[in-house]
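Here's the letter readout for the chains.
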Amino acid sequence: MANAHSSDIAHHDDHSHDQPAKGIKRWLFATNHKDIGTMYLVFSLIMFFIGGAMAMVIRAELFQPGLQLVDPVFFNQMTTTHALVMIFGAVMPAFVGLANWMIPMQIGAPDMALPRMNNFSFWILPFAFTLLLSTLLVPGGAVAGGWTLYPPLSLQSGDSFPMLIFAIHMMGISSIMGAINVIVTIMNMRAPGMNLLKMPLFAWSWLITAYLLIAVMPVLAGAVTMLLTDHFFKTSFFNAAGGGDPVMFEHIFWFFGHPEVYIMILPAFGIISEVLPTFSRKPLFGATSMIYAIASIAFLSFIVWGHHMFADGMPLAAQLFYMMATMLIAVPTGVKVFNWTATMWRGSLSFEPPMLFAIAFLFLFSIGGFSGLMLAIVPADFQYNQTYFVVAHFHYVLVPGAIFGIMAGVYYWLPKWTGHMYNMTLAKAHFWLSAIFVNVLFFPQHFLGLAGMPRRIPDYAVQFTDWNMVSSIGGFAFGLSQILFVIVIVQCARGGQKATSQVWEGTHPTGLEWTLPSPAPYHSFTTAPEIP
Amino acid sequence: MSAAENPIKDAAMRRRVRNGALGLGCLALAFYFGFIVLLVHHSHH
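Just so you know, the sequences run in chain order A and B. Per the working numbering, residue 1 is the first one in the first sequence, and the count goes up by one each step. Per the working numbering, residue 1001 is the first one in the second sequence, and the count goes up by one each step.
So here's chain A without its partners, still in its complex pose (with noise of 0.2 Å):
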């Protein structure tokens, strides 16, 4: 491999010539796959702060009882808004950005397999985006009935509806072509001699996500679309006055909606198994039993929708059968858990800010899993739904779950792509920030939930006021952290101590991207590398 990697330096500065495209042209036209990850990654931020800055506005509303600065009207425009955009916008896009800068280094690829339908797929997001944003100031304002548009309730929306509508299929065809470029790209493009076991974790995790993209966005295109008919059509597929049925809606949305949450956190799996072993110094232990319980995971996700449905009513045995299908995802999570913690076992650890981010995420996304279980049980369930306990459980896996997974990979893999490491006060001033407020922000939700505050409400009894204000509090506190992530990335792009090739100094080989010097060239293995 050493070989290779001299022959391919020295093949880079063959074609030194080969540069960027200047200008506004290199973004507008770009196919190369770091270009585009950055193009992805820069967006997903802008959309976190968008969604970041919707969130402000719920918690300062809860932030005491009574009705102070929005009307309830916008206050449910903004949850469901904010939902959309940090899920679709903040999220995924950012797993993609780090899919397409990481997946054909990894694998000693010098590109994706399709990198003009990469170029489509990212450039349909911010017009995605803008007409989903601009439903905020149609007459009506934008869509109130939650993220999951539940008939009726979402039929009553107005002009805001069929722009939503839109900007849903826009993100769905975006996702499915970035997904078929993953499969197509690791399916073909492997270096010779990187068979699939020996493939990293962070690509394999990603395979295993395009497949669960490309069986469930179709399927919530058919249910919006269908919902479009609906409403402007007269068709009856949800209305229950024209014989139509809208539990048939929350069944569809959930059979894409389960495995999207399995979209949000198997690439963080991914990345968690590449940073705890180099900052342990040992091996990923259990690698080959991680990739089966990465697949386990995405098979149980399909079959497990109706635990979000409890509440509708349903046969005993369905209610049964999705209770246990549920509690049956713990084995192969539990398998995950517990080899990141036997790979940091007697390791010799070092605790730079990607290995602080993963360690936070072991722990609170295990919090998160715990009250997943809580809910599985359905006279729980019962309890738990539609109150604030339900928001703190996937606020946990998706807060201190993928979106630290994903600062763990931006962390890990930053000087790579800049070639200068970061400043570590800062960035572990932002992990110590983050981690408490995080705390502070979702935490006391779990109480809130618990004592039966309702979820989606901009108003709430007397007896929930302190809890929400301890909330509210870290979440301003949260929020005002994250200034902190974009100062070390952009001291970090602009210069700083020269980054190795290695970056880390515990880092194991497994994928490609090591072998290349830091930053990373423009063009990358134009000769394959051979792996022994």
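Possibly wrong hints are sitting among the right ones.
DSS-like, lysine-lysine: derived pairs with alpha carbons at most 30 Å apart [as the list claims (entries may be wrong)]:
no., chain 1, residue 1, chain 2, residue 2
1, A, K282, A, K198
2, A, K428, A, K234
3, B, K1009, A, K22
4, A, K498, A, K25
5, A, K198, B, K1009
6, A, K428, A, K498
7, A, K25, B, K1009
8, A, K498, A, K282
9, A, K22, A, K498
No wet-lab data here; the hints were simulated from the structure.
Got chain A; can you put chain B on it based on the hints?
Then chain B, alone, in the frame of chain A:
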């Protein structure tokens, strides 16, 4: 490799990539229309 150049030199691999992408695209379309047809069928029974 210029920006406009295809990263895949080998014609057989290019064919595999194209066929793979088309197959996966067809699968996605099948899921999309499949669920709509399923519900049209459901609404008639």
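Each hint tested on the structure:
no., hint, in the structure
1, K282(A) / K198(A), "16 Å, holds"
2, K428(A) / K234(A), "56 Å, violated"
3, K1009(B) / K22(A), "26 Å, holds"
4, K498(A) / K25(A), "29 Å, holds"
5, K198(A) / K1009(B), "24 Å, holds"
6, K428(A) / K498(A), "19 Å, holds"
7, K25(A) / K1009(B), "25 Å, holds"
8, K498(A) / K282(A), "25 Å, holds"
9, K22(A) / K498(A), "25 Å, holds"
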